[in-house]
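Starting from the given sequences, assemble the full structure and let the hints guide the process.
Just so you know, the protein sequences line up as chains D and E, in that order. If you want our numbering, it's the 1-based position in the first sequence plus 263. If you want our numbering, it's the 1-based position in the second sequence plus 441.
To be clear, the hints were calculated from the coordinates, so they are not data collected in a lab. Careful: at least some of the hints might be erroneous.
Computed cross-link-like contacts, EDC-like style, restricted to lysine to aspartate or glutamate with a CA-CA straight-line distance of at most 20 Å [to be verified]:
#1 K348(D) with D787(D)
#2 K510(D) with E502(E)
#3 K560(E) with D787(D)
#4 K399(D) with E451(D)
A few chain E residues facing chain D, derived, Cβ under 10 Å [said to hold, decoys possible]:
#5 E493
#6 S547
#7 F548
For clarity, every value in this text was computed on a predicted model and none was experimentally measured. Glycine is no exception: its CB is placed at the ideal position from the N, C-alpha and C atoms.
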Amino acid sequence: MGNFCSDVKGGQQAVGGGNQAIGGGGGGYSAGHNEAVDFFFRAKGEHALFTPMELSLSATKLRDRDIMSKSDPMAVVYMKKRDGKLEELGRTEVIMNNLDPTWIQKINVTYQFEIVQPLIFHVYDVDTKYHNLPVKTLDLKDQDFLGEASCVVSEIVTKRNRSLTLNLHNRDGRGLKNLGTLTVHAEETVASRNAVEITFRCSALVNKDLFSKSDPFLRISRTVETGGSIPICKTEVVNNNLNPIWKPVCLTMQQFVSKENPLVIECFDFNTSGNHQLIGKLQKSVAELETLYQSKAGANLISPSSGFRRREKVLKSEIFVDRLVEKQLYSFLDYISSGFELSFMVAVDFTASNGDPRNPTSLHYIDPSGRLNAYQQAILEVGEVIQFYDSDRHFPAWGFGGRTPNGSVSHCFNLNGSPSDFEVEGVEGIMAAYRSAIHNFALAGPTLFGQVINKAADIAGHSLSSHHAKYYILLIITDGVVSDLQETINSVVRASDLPLSILIVGVGNADFKEMEILDADNGDRLESSSGRIATRDIVQFVPMREVHVGQMSVVQALLEELPSQFLSYVRGRDIKPLNVPPASS
Amino acid sequence: MEKPCNSSKVIEVTVISAEGLLLNRKKPVKKNACVVVRSDPFNSRSTGMDREGGSYPSWNEKLVMELPVRARFITVEAHSGSKLIGTANIPVSDFAGGYLPENYLSFLSYRLRNANGEKNGIINLSVKVKGEGAKSGCGGGGSCTASCSGRPWTGVPPVDGSKVSDLGIVTGIPVRYRY
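Here it is as structure tokens:
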């Protein structure tokens with residue numbers, strides 16, 4: 264492939280150190296199992312029967328697809344749904360020039376004992392020109408396929424050492440060639456909010472490079488009861504330096520299990536060929552690292568066993584802990600249960616594309632028999648969820664794209680018809696206001712979300728100076744055809760730094776392609792016409808038709824991205840749950 | 442309550458990182474990227490060089506500077522060595538005025554454009570307008586006046602999406618920029 268220059272930067276980046284991606288949108292929140300959904304069911308007495316697990320992947324003897332060097336493998340894990348569709352669970356990082364990779368990035372999966380959960384693993388060789396990009400944004404079609412394997416979750420979990428080795432085969436299933444093996448190790452995720460942030464430094468490292476100094480990086484692994492070790496993070500590479508200081512790494516309790524659990528810390532000299540040379544290593548638990556930090560003393564690295572006698576040698580090189588702070592990574596539920604309020608707002612589409620409300624085919628048709636139309640259904644179903652999370656049950660409710668009784672088109676009018684008060688009470692309130700609005704407002708157009716979003720942003724913005732503990736969710740129920748996408752994007756971008764999320768619920772069967780653009784899930788960040796870029800992803804799109812055919816429950820669909828959007832806001836600003844005394848560390 | 446005074450404010454601009462910086466349209470920046478933030482032609486601060494990030498540099502460097510009361514924009518320039526990579530004009534209304542309370546930490550990202558107005562990467566930063574107790578914060582700004590703190594800043598009219606204020610501000614349209 265015609266890449267202009269070999270870009271090794273991607274291979275030199277830190278992995279698994281919990282670096283918070285501020286401005287990058289996502290944030291490192293675990294997928295697969297959703298706290299908000301779980302909480303909803305538990306509060307209703309329906310225990311969700313599942314265990315969050317994380318998968319560690321490694322492979323051996325992968326096929327070499329690069330001519331000048333070795334393959335640069337990345338693994339993608341999918342869950343096969345009942346309808347045969349593949350749902351991506353996650354991607355590992357890309358490891359450069361390595362045919363026997365051990366990936367650090369873990370994949371989260373929710374183990375449900377009562378259903379069969381088939382997993383599909385794809386291994387790709389990622390072209391060097393993509394190495395600088397976040398793996399989530401990679402188009403897999405552009406990458407070389409190295410093989411696939413499949414199993415069901417329970418197969419891994421029921422193994423005594425919780426590891427399963429699978430043979431990789433071609434897409435068509437014919438395993439003529441030996442494509443290597445993939446090993447999956449599963450561990451139960453320990454829910455813990457404890458974490459430590461450690462800054463490492465080394466002194467007097469051995470020089471491993473001929474013409475320059477070593478390019479050191481650290482890899483930290485946790486030893487496992489069943490033997491062996493699992494890498495949990497690596498630092499970035501410090502080029503050409505024998506006394507490197509690395510950026511702080513953040514290890515969660517989930518990664519290091521307990522303070523007494525020994526960690527293997529290895530210092531490597533980075534090599535573009537992927538053949539990183541071990542400079543030295545040592546074994547220390549987090550507790551021991553803490554003492555090291557307090558005493559300000561160094562610990563000597565031990566050289567890898569070599570030579571005839573295979574004896575380990577204590578090196579002059581020392582490792583220091585410059586800083587070690589314990590941190591608390593609060594979860595979505597920690598905030599909500601401490602009294603952090605979620606506040607919902609509702610906006611309903613009154614544009615003509617919904618069809619004449621007097622016509623039974625219209626999405627706004629009010630059936631005299633009492634059968635609910637698409638909007639009423641959506642309001643009721645969504646209402647159950649938002650009432651659960653919004654304790655005061657007062658919802659601002661607007662309509663947009665409708666012609667007001669005085670003849671002008673409004674892109675944000677109060678649904679209850681009141682000139683000043685836009686709040687209604689409860690789901691019944693929204694339903695009543697909706698019914699009266701259908702009589703009082705004629706459907707018009709165009710479909711513009713901008714004013715409704717600006718109004719919501721105003722409310723969220725005003726709360727900043729008074730209520731610090733509030734997060735807003737604007738629910739837009741629409742049939743999906745936006746007239747001016749850029750206008751909507753501009754408003755979304757402007758609101759992206761406020762305590763606000765926007766949930767767009769699509770009714771009817773229109774083409775929702777534009778909504779997918781707003782819901783920036785493919786990694787592209789929204790850009791306004793003035794050149795400002797969304798600080799984080801605040802939009803989520805849910806097509807009701809998918810909910811209705813039973814692909815997912817409404818709760819699941821609505822709350823899917825909320826915890827991570829919420830956390831990306833509060834964590835970036837270091838906002839703590841209300842019951843936590845500020846500035847404890 | 443003190444009267445709002447007409448002198449400048451102190452802002453803290455934390456230059457977090459940049460993404461996808463290219464040299465001459467196609468070659469990724471290798472190293473030594475730095476960012477210059479200007480609040481007016483006479484007021485600028487610069488970050489240090491980034492040595493490791495290549496075309497995805499990160500600085501996390503806090504620059505404390507004066508924001509003249511008449512300033513409508515601050516300008517952010519990404520350089521690689523001595524070469525200007527891209528510029529973004531940040532409307533002051535994106536981080537001050539309107540409903541934003543003083544001391545609110547705004548996380549902002551902007552498209553950078555090169556001298557020909559072509560897209561060249563993204564810059565991520567955070568900005569805080571210092572409120573009360575900002576005395577210690579001004580590093581070398583000179584005329585930092587603590588007396589004008591403690592009140593919402595009135596220097597910039599709130600821009601409320603739907604209408605552009607009568608001062609004729611056009612928010613952040615990229616302009617050709619040379620020096």
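| Residue hint S547(E), partner chain D, criterion CB-CB below 10 Å | holds (5 Å)
| request: Decide if the proposed pair is consistent with the structure: K510(D) and E502(E), CA atoms, cutoff 20 Å inclusive. | output: holds (14 Å)
| query | Do the alpha carbons of K399(D) and E451(D) lie within 20 Å of each other, as the hint requires? | reply | Given pair K399(D), E451(D) is violated - Cα atoms ~24 Å apart, limit 20 Å.
| query | Holds or violated: are the alpha carbons of K560(E) and D787(D) at most 20 Å from each other? | reply | Satisfied, since the Cα-Cα distance of roughly 15 Å is no more than 20 Å.
| message | Holds or violated: the hint that F548(E) contacts chain D, with Cβ atoms closer than 10 Å. | response | holds (5 Å)
| field | Interface hint compliance - E493(E) to chain D, C-beta minimum distance less than 10 Å | value | With a minimum Cβ separation of about 6 Å from chain D (threshold 10 Å), the hint on E493(E) holds.
| task | For the pair supplied as a hint, K348(D) and D787(D), confirm whether the alpha-carbon distance does not exceed 20 Å. | result | Violated: K348(D) and D787(D) sit about 24 Å apart, past 20 Å.
When each numbered hint is compared with the structure, violations occur for hints 1 and 4.
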